[in-house]
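First to last, the sequence lines map onto chains F and L. Residue 35 in our numbering sits at position 35 of the first sequence, with consecutive numbering throughout. Residue 1107 in our numbering sits at position 107 of the second sequence, with consecutive numbering throughout.
Note that these hints are calculated values from the structure, not bench results. Be a bit skeptical, because a hint or two may be false.
[Stated by the list, open to error] On the chain F side, residues computed to face chain L include the following (Cβ under 8 angstroms):
1. 43
2. 58
3. 102
4. 103
5. 108
[As the list claims (entries may be wrong)] Ranges of calculated distance between the beta carbons of each label pair, as one might list FRET restraints:
6. F:14 - L:1040: 35 to 43 angstroms
7. L:1045 - F:60: 18 to 26 angstroms
8. L:1029 - F:101: 37 to 45 angstroms
It should be emphasised that the depicted structure is a prediction, and the values quoted were computed from it without experimental measurement. Even for Gly, the Cβ is constructed at its ideal location relative to N, Cα and C.
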Amino acid sequence: DSGVTQTPKHLITATGQRVTLRCSPRSGDLSVYWYQQSLDQGLQFLIHYYNGEERAKGNILERFSAQQFPDLHSELNLSSLELGDSALYFCASSIRTGMNTEAFFGQGTRLTVV
Amino acid sequence: DAKTTQPPSMDCAEGRAANLPCNHSTISGNEYVYWYRQIHSQGPQYIIHGLKNNETNEMASLIITEDRKSSTLILPHATLRDTAVYYCIVRANFGNEKLTFGTGTRLTIIP
Chain F
1 DSGVTQTPKH LITATGQRVT LRCSPRSGDL SVYWYQQSLD QGLQFLIHYY NGEERAKGNI
61 LERFSAQQFP DLHSELNLSS LELGDSALYF CASSIRTGMN TEAFFGQGTR LTVV
Chain L
1001 DAKTTQPPSM DCAEGRAANL PCNHSTISGN EYVYWYRQIH SQGPQYIIHG LKNNETNEMA
1061 SLIITEDRKS STLILPHATL RDTAVYYCIV RANFGNEKLT FGTGTRLTII P
């Protein structure tokens, strides 16, 4: 158990809908990262938050957004869903930014868009 | 981030040492080498990381060559539960803390 909690574990929704994925980082971790893993793309970095502020963006679609709340949990919002958004979404947390800090991953949310 | 090159797949007999190589010839002097693994579709699991010295923890050992252009992850006594995809990642210095995952090495432990 990494200490990172993601909910829900599974989500099935229709095209055009909007969903929210939730991540609770390890106790004391200030950094949260979101990754997407689809069959043909591997693990892709989406976005990084540190202590409530956005620090870095990857190839995150405009239909996707995220935020980190004062209690440090984070949410990833996916809207106008398409079939191609079906993937595993992972959240990771680390205690701080900078080098030499390992990140711990949650077990992911499997999103299926039908 | 420096790119890494790993063999796509490897087999190892149960109980033997598994040695997973990684080339990172363009690594910068202040970049660390990280290893993660992903068992089936679970979340990636941190294994070990290092800068230039060899490192060992309860899971594995990391051997980094003197020129830092390559490294080897060693699982000393592989078990069936070590079957996974192993990712070697070189992580940039300040200002870009993301982990960039490549395609990794699919390690299969043979009974």
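These are the hints, each one checked on the structure:
1. Look at residue 43 of chain F: its Cβ gets to within about 4 angstroms of chain L, closer than 8 angstroms, so that hint holds up.
2. Nearest Cβ of chain L to the Cβ of residue 58 of chain F: about 7 angstroms, under the 8 angstroms cut. The hint holds.
3. Annotation: interface hint on residue 102 of chain F holds; nearest CB of chain L at approximately 4 angstroms, less than 8 angstroms.
4. At its closest, the beta carbon of residue 103 of chain F sits 6 angstroms from a beta carbon of chain L; the interface hint therefore holds under the 8 angstroms criterion.
5. The criterion of a C-beta within 8 angstroms of any C-beta in chain L is met by residue 108 of chain F, whose closest approach is roughly 5 angstroms, and the hint holds.
6. Remark: the range hint 35 to 43 angstroms for residue 14 of chain F to residue 1040 of chain L is contradicted by a beta-carbon distance near 27 angstroms.
7. Separated by about 24 angstroms at the C-beta atoms, residue 1045 of chain L and residue 60 of chain F satisfy the suggested range of 18 to 26 angstroms.
8. Our hint of 37 to 45 angstroms for residue 1029 of chain L and residue 101 of chain F is violated, since their Cβ atoms are close to 19 angstroms apart.
When the structure is compared with the earlier hints, violations turn up for hints 6, 8 and for no others.
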